[in-house]
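S.K.: Please work from the sequences and hints to get the whole structure.
Chains as they are written, first to last, in the working numbering: chain A, 1 to 330; chain B, 1001 to 1315; chain C, 2001 to 2344; chain D, 3001 to 3326.
One thing to keep in mind: the hints can contain errors.
Said to hold, decoys possible - Some chain D residues judged to face chain B by a derived CB distance under 10 Å, without partners named: (1) 3014; (2) 3015; (3) 3018; (4) 3029; (5) 3137; (6) 3140; (7) 3141; (8) 3156; (9) 3163; (10) 3199; (11) 3254; (12) 3256; (13) 3268; (14) 3301.
Worth flagging that the hints you see were computed from the coordinates, not collected in a lab. Backbone N, C-alpha and C fix where the C-beta goes; we use that ideal spot for every residue, glycine too.
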Amino acid sequence: MSLLSVRDLTVKFAMRDNTVTALNQISFDLAKGERLGIVGESGAGKSITGFSLMNLLSRPGYIDSGQILFGGQDITQLSEAEMRKIRGNRMAMIFQDPMVTLNPVLTIGQQMVETLRAHRSLSKAEAEQIAILKLREVYIPSPEERLNQYPHELSGGMRQRIIIAMALLLDPELIIADEPTTALDVTIQADIMELLLELCQSNKVGLILITHDLGVVSQMTERTLVMYAGRLIEAGPTREIINDPQHPYTQGLINALPQQTLPGQRLKQIPGNMPSLTAIPTGCPFSPRCEYAVDHCRKILPEIVRYGQVEVACHEVSRLQNTNFEEASA
Amino acid sequence: MSSLSTNQPTPSRFSRLWNSNMGYSFRRNPVAIVSLAIFLIIAIASTLAPVLAPFDPYDPAQIDIMNSEYPPMWVDGADPQFFLGTDDQGRDLWSTILYGTRLSLLIGLCAVALQAFLGISIGLVAGYVGGRIDSLLMRLADIQLSFSTLMVAIIFLAVTQAMFGSETFNQYAIYFLIAVIGVAEWPQYARTVRATVLAEKKKEYIDSARVLGFGPIRIMVRHILPNSLSPIFVISTVQVANAIISEASLSFLGLGMPPSQPSLGSLISSGFDYIFSGSWWITAIPGVVLVVLVLVINLLGDWMRDVLNPKLYKG
Amino acid sequence: MSTASQQTKPLLELKGLEKRFDLDKGFLETVKLRGGRLTRERRSVHAVNNVSLNVDRGEALCIVGESGCGKSTVARLVAGLLSPTGGEIHYDGDRIDDRSRAAMMPLRKKMQMIFQNPYASLNPRMTIQQALEEPVRHHNPQMNRGEVRDKVAEVMRSVGVDPSWSSRYPHEFSGGQRQRIAIARALTVDPEFIIADEPISALDVSIQAQVLNLMLEAKDERGLTYFFITHDLSVVEHFGTRVAVLYLGTLCELADTRTLFENPKHPYTKALLSAVPKLKDEGPSHIRLQGEIPTPINLPQGCPFQTRCAFANARCRESRPRPLLQTDGSTVACHAVEEGRLDG
Amino acid sequence: MLAYLVKRVFQAIAVMFAISLIGFAIQDNLGDPLRELVGQSVSEEVRQQLRDELGLNDSFMTQYIRFLGNVLQGDLGTSYFFKEPALDVILKKLPATLELVAGATLIIIGLSVPLGVYTAIKPNSVLSRIIMGLSIVGISIPVFLTAILMIFVFSVELGWFPSYGRGDVVHVFGYWETNFATADGWVHIMLPSVALASIMLPLFVRLIRAEMMEVLQSEYVKYARAKGIRPYRIYFVHALKNTLLPVITVGGVQIGTMVAYTILTETVFQWPGMGFMFLEAVNRVDTPLIVAYLIVVGFIFVVTNTIVDLIYGLVNPTVNLARMGA
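M.R.: Okay, structure coming up:
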């Protein structure tokens, strides 16, 4: 049975005079201990997906419909108190910018101990012992001293390690990491990613890694979801998606990377911009920027359809695939 | 954004304002609409005081002490001549309030104009130039602010009154009030403007202007100042309300407008002595006018703060 | 390009450039109580330390490094937004770092800057037309209205922005469009040298390609020289002709792009290159750096990279390595490279 | 910390110096001490002689230094009206004013934190809307008007509270007599404290609410929620401490304002404190008393502000960092 199963998740934002659909019928599954990447550009809805999974959307956002089954239980139906028992305990989150994630007026120790004691009945001393253990696991030098330090006394890389240690405190089944290294330097990013991968593998923790960086996804995850304008447009094993992307947007995203072109040559750019959520075009949301788009694409929204190992939402792919299937079967 | 239509006529300034965020939120906010309406009514009525008032409270010939302490129309024993009754000196309260409100508003607005002029200039210079000048000016602002406007004003006015004697003081009271309220509150503007200047100065469009070779005055006036307007608007409303309260408080203490030329504060003060004898209206009616005036200005300020949501200087 | 002398004279020369920012604002803050005695200490951030390099006409020199390495400070020093604490900046043979604002004016037409954040680099209260006209008028007071307008329209078209949008305000545009407009603004004065401070790092991947293409086109069409600041090595590989790697305000390695990527020599350059996640990677395989990055306030004696370098020895801890020319034309500041310790 | 402390103390001394200069300038220009000493009937020669003896013909600097010397020894001159040392007159009145300020401060602290926090946590509840509505009305009513209104309602109409004076006070030590020892004292201090608190309380409620709402939007509060921390711990441990840091600095400034407002409340309630005394001194042109009041009040401002700054430095763990520039 899968650890997490999201079915037709739709998230809306109540705006001035209308509602805006930020996530549109997203469905995906995550097996126990599996590492999943969610890729997309800003505004695609990947962070909102992360917060929805924690049931932490803040006003004016809300889950409009759909299910999030976590260990078989639909967490969209849980009360706030029941949800609180899951957050930080069975499901932990790592935020984007370690410089603002930790409370500046509480020590590292206080923040770690409170997390433990929110979910387990432990004495302060016992909780501190666990905290020290976890800090050691993320290679924090002299963890005993860190407990009494305030966040501002530590570097960004160190803080993100501490946040990872906090995520692991209660041995969760799933960690959601929302762009965990975007705010950090390349060399630090590499260290943090390696650490995260190692810990997820050794503790058999599921990981949802939200990022805009295809390179990171490629290194870290087994499966990948590609999002565009609040919709899932392609999903499948990471290797397949990187090596043989099906959706024109995924192709464009990969081909636009400088390393895909010879130095000094013109890059293969995707024309135009991602539509704002208030003005999503009819039909396929990518159609205005797509070089393969035909009238049909501009009118009818493509369903997400499975072909072999990957799922794609594209009329053009369906047409090609169907002819392939026909040829294959013929 | 991607579907920008070309060839769209440029909308007029008014329709831009009306359709802007501000215009929209104004139309949707009954409190703001009512507040603005009441403020405009009070402002227009008091500006037209010489036309609207049946009596001239400054003209001793029109005052008869025998008419003193008539209650308002709806109370027994009223004289129909005097719609809101009369004060202790026999002046028509309605006329006196119109003139008094005019004075209060005038002092409030002029004092804020003075504050804004001083504060914005000092704030711009401090924020843009920085360094020692900045720390010196801001230190001064801190100290000035920690002494509270009212305290500074009371001491200044008390000493001036003692120095010049009541008569001369009363003659020039309006100028003294504007000057002291205007000067004492400059730090409010200076700190806010400086904080926005510092925030704007860090932004790259200022660097870009410098790389393009524009001079500091052009950058300050053409680039920084227009982007510092929203906090200036917001604090201006609050400052007008505070200035009116300060004026009223000073006049109440006998350090402001004299009873012969009463503002709302001095009217309330002169009525206070009669409150125990039952003539509540001399205090109550000007009091209500004062509170309503200040309240609608504060409500407008609150609405503006919500819409413009500027980062205001704290602490 | 016509004569040999023009080819050999670099357009921009940095000679031993230094920049320190004082941390202590007043006299009192420099007074410290140390071991029961009052002492005076001045603390300052050593943002740029003795950086020397040349930029030749027509090339795209990239400055790479991580946050806090001083790359943006170098850009701002060159643009004249900051004045150096030490060293000299020469442009086209003339010293420019000690010039007054008025004396810099003629240079402002030749040298322009593009910034990182397109949301902050345009004045929100000015329409696009106003923002683009302002520099044209300022530098060409003889132009009449029509000429100014034509100039603006021409530049807008060249960056792919429809001139009929010019009465709009910046907030009506997306990040990519704003960056185009910001580039247009820099191009209105027909510069020959562009300082670009992380011009694409705030943009989405698909938009990054658009802006990079635009900058490449402008380079070919206008014969621009770029001084390109970035932290993104894949962009460097694509865009740069030469690369300078900075670490804590110090030059580590300066080489042709090709040479640097094929044969990095400085241990820091090697670590940096290995840390970039590649598309086809199966899991991370980077060089792990030990230790913490020292703060630029208390730079260690010796090589600034020694605290994280696996090859650091006593000499590295004592003396700061000088940039030395290598056989393949690159310049490397590393004792270990000099002694050949890395090859073993 | 040391540099900070030295700087603050140094600044406090500079401000006190400036105040003493203003005080001296007032004394120098306002009123003629001779008239108070000898009256009108003395010949010009004797006057000149007296002037010389009193040092009134010395240079400004000499006179100022003498004034400063006297001030440092606690000699602020003799009140013309009370014929007593001005400092004694003020010290006798000081406890009444301080107790009034204390009463108002207790009301403000006791109510502003819970009300501010509540309105920030539940911004859309009916009660919050009522509190916010009242708060804006509160800041729109001048203190003296609130005081008059309360006298009219609670003293004149209902007769629940007395309208003036301190009532029965109990001697504590020195000049200190307290209101807080007898029921009558409590009854008397009630209305004046509430009136004095009336303008500051809404200000603080609004400030705390605004700060708290901002803090509740922060990433670290979101993160605390994501860790499954209970709401009350988030509100009172994570958010409140960050909220109160800026409130402390504003609070320091407001203490000055509060002392100014005591002049208003004391006048309306005829509260026998410094403020009431000051206004009477102004009407009597009792120059030494005016100057003494200025110096004592200035001293109170400077001391409280310095203390508040130091407390802020101690409470905020990041203050040191900000100065390190890291």
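S.K.: Against this structure, judge whether each hint is valid.
M.R.: Against the structure, the hints come out as follows:
Of the supplied interface hints, the one on residue 3014 of chain D holds, with its beta-carbon coming within about 9 Å of a beta-carbon of chain B, less than 10 Å. Look at residue 3015 of chain D: its Cβ gets to within about 6 Å of chain B, closer than 10 Å, so that hint holds up. Hint status for residue 3018 of chain D: holds, given a least beta-carbon distance of 8 Å to chain B, under 10 Å. Proximity of residue 3029 of chain D to chain B holds as hinted, the smallest CB-CB distance being about 6 Å (cut-off 10 Å).
For the restraint placing residue 3137 of chain D at the interface with chain B, the shortest Cβ-Cβ distance is roughly 6 Å, inside the 10 Å limit, so the hint holds. For the restraint placing residue 3140 of chain D at the interface with chain B, the shortest Cβ-Cβ distance is roughly 4 Å, inside the 10 Å limit, so the hint holds. Because the beta carbon of residue 3141 of chain D sits about 5 Å from the nearest beta carbon in chain B, less than 10 Å, this interface hint is met. Annotation: residue 3156 of chain D was flagged as interfacial toward chain B, and the flag holds, the nearest CB pair being 6 Å apart, inside 10 Å.
Restraint check, residue 3163 of chain D versus chain B: the minimum CB separation of about 8 Å is within 10 Å; hint holds. The interface hint given for residue 3199 of chain D holds, since its Cβ lies 9 Å from the closest Cβ of chain B, which is under the 10 Å cut-off. For residue 3254 of chain D, the interface hint holds, since its Cβ comes within 10 Å of a Cβ in chain B; the closest pair sits about 8 Å apart. The beta carbon of residue 3256 of chain D comes within 4 Å of a beta carbon in chain B, closer than 10 Å, and the hint placing it at the interface holds.
At a threshold of 10 Å, the smallest CB-CB gap from residue 3268 of chain D to chain B is about 8 Å, leaving the interface hint in force. The interface hint given for residue 3301 of chain D holds, since its Cβ lies 6 Å from the closest Cβ of chain B, which is under the 10 Å cut-off.
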